[in-house]
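Enquirer: Given next are the chains, with one letter for each unit.
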Amino acid sequence: MSVLIAFGIIVLLLLMFAGLYNRLVNLRNRVDNAWSQIDVQLKRRYDLIPNLIETVKGYAAHEKQLFENVTKARSEAISAGNVGEQAQAENMLTGALRSLFAVAENYPDLKANQNFMMLQEELSGTESKIAFARQFYNDTVMSFNTATQTIPTNMVAGMFGFTQREYFEIEEGSREPVKVDFS
Amino acid sequence: MIFLFLVLVGALGWVFGELTGFGYGGLAAALVIAAAMVFTSYYASDKIVLAMSRAREASKREFPHLYNSVEGLAIAAGIPKPKLYVIDDTAPNAFATGRDPEHAVIAVTTGLLEKLDRLELEGVIAHEMSHIKNYDIRLMTLTVVLVGVVVLLSDWLLRSFWWGGGRRRGDGNSGGGLGVLFLVGLALALLAPLFANLIKLSISRRREYLADASGAMLTRYPIGLASALRKISDDREPLEAANKATSHLYISPPKQLTVGGKVKELWSTHPPIEERIRRLEALGGAGPASS
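Protein chains in written order, with my numbering: chain R, 617 to 799; chain E, 162 to 452.
Okay, chain E solo, but in the shape it has when bound:
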């Protein structure tokens, strides 16, 4: 997937360079900007996200059971205990962020704490911890930045056609080859952002399935998470603290941001809940608890 991205970026950058006469300068500029974006989001991602979600640090005294669960699952995962935050919102949801296990953060809503029982809560926390352990946050940051680069390059390419295309066409002998390049570049510039986003969403969905499975391995009880997912998806409340920028981080897309219709699945950051539950139950069926 990442490879596809790089190919896309490379193609755009090359075409851009060829057509505007910047040569590799165009690609270089894009990469520099991408690098700057990577560094900012990489190092400050947790603080930014926490501020956006209005989360507060959870003390052991205030939330002893939650604290102990997180500590225990961190032991099972073999990672340091992530920092724990609570969001005051009655809608049940949770997310994890942070560039690596040493700088990780897990946040849950008070709604989640109220509505789930112990085993379900552990299932959710195990899922979030798996995101951290599998370096999913780092992966998605990289992905988002690559999408940004693709969009940026496409945009520049389109602008260069608008402003410089006329001059190029008047250039005489090399007109034929350049015309084909022109069309290819146009197609790329229009379609690339679309494909980039589709790739990003596909990556996001795959990692969600992986976090479900890794979490089940931590708790050795997939039914816990399956039951929690059912409860969370049945809850009709919108999550006030979330918006479009942070929705992909949550364990289940916040209610107000889900899109209806057949196109929904392709454009969602999360796999369909029914499928996630089905896969978890298939895992759980193999255990001693089944009849």
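Bound conformation, chain R alone:
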């Protein structure tokens, strides 16, 4: 009789462990998904920019420096190697775009152009979505990290090598206003 009880307890424990393991897998996959969601929004931003430049060129063709800055920042962001480089390039791109929109204020015809207004809204929306995607990523990382740290999931996490993930943080340096400079 007692053998049966012991057997039952072992089965119960195994089921519990399986449940915890599955939960960790779920949470980790959510983190990975959230990370690639950020990329989706970043790509969207890169795709919008050529159209924007063409539209502005139609009204302010002589603002050559501006266009160069934006184009260069964009290619650097696309080709960035690691997360640090990408964050820096992204910041430059944001700064360059901001200058572009500031200059566009001087061209009332451009401001009234339907295409331009749509692109402006789209870009602003995309930047919002990048922020939301990063926020969601951080939320999923928090859930996952908390699971790997709390009892009893931490035991399963240790056994199967579920390591904590890093938060997406803005580096100290990039809190300064961005100077767009390609020297």
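FYI, nobody ran anything at the bench for these hints, they're computed from the structure. Zero decoy hints are in this set.
So the derived list for chain E, only partly shown, Cβ under 10 Å to chain R, looks like this: (1) Y228; (2) G233; (3) A235; (4) I236; (5) A237; (6) A238; (7) G239; (8) E283; (9) M378; (10) R381.
Even glycine gets a Cβ: it sits at the ideal position worked out from N, Cα and C.
Following the hints, complete the assembly by docking chain E onto the known chain R.
Expert: Below, chain E without anything else, positioned relative to chain R:
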């Protein structure tokens, strides 16, 4: 809360069965009807509600900012982007419906779009999205159906007293025990619908507070929603597209349906606006924006 409901339904069904001699048949019949009601409202709730409110689908071209806000907040919430509808009405209001995040719908009035600024609009949308994410629509559908079952059973119980009570009493020896049962059943039949409704309204209010808090977590800016709520509640216009059946879905009870007086709070589907604003501002006070 749901447990209380089930207890209520179970008690009614049992008493009904005992007194009419149907046994468990009464309870079974009630459950079958409840199931049918659940399935219809569950699968068609969004279409029904949208038709009742005269809403039209919002295109990205016509409402770019609204569309982008909804898309962005859906990303922050980790749910698929809900379908977006607009109601042509100058009264500012919004609602969400749909049985789960994959089949969700958010509707806003043109009045809301005109009267709120970007941050306030995002606050409202985040609140609606939280209802979807927290499966509140599914919960309230279930609740409404349970209320319906309770009302149905109470009604049958009362009818059975009226028609069959006389025969029962003449039955001799078991008269004493049956008499007590009779009284209990009568009390239940009269009070149950009342309690069922009170429970339903209490659930609804709690979920509203939860949606406020979840929405604040999505935007990380509770003041946006607080400010929007103040604007919406100050607006004196009645919302023509709403009626009693759909009022509980809206973010704030449509003006023409609010009841005055002390009893108001207990019978309202939404918590008092002042309290909602106070709670949101208490959340917001902890953030970096406070002095």
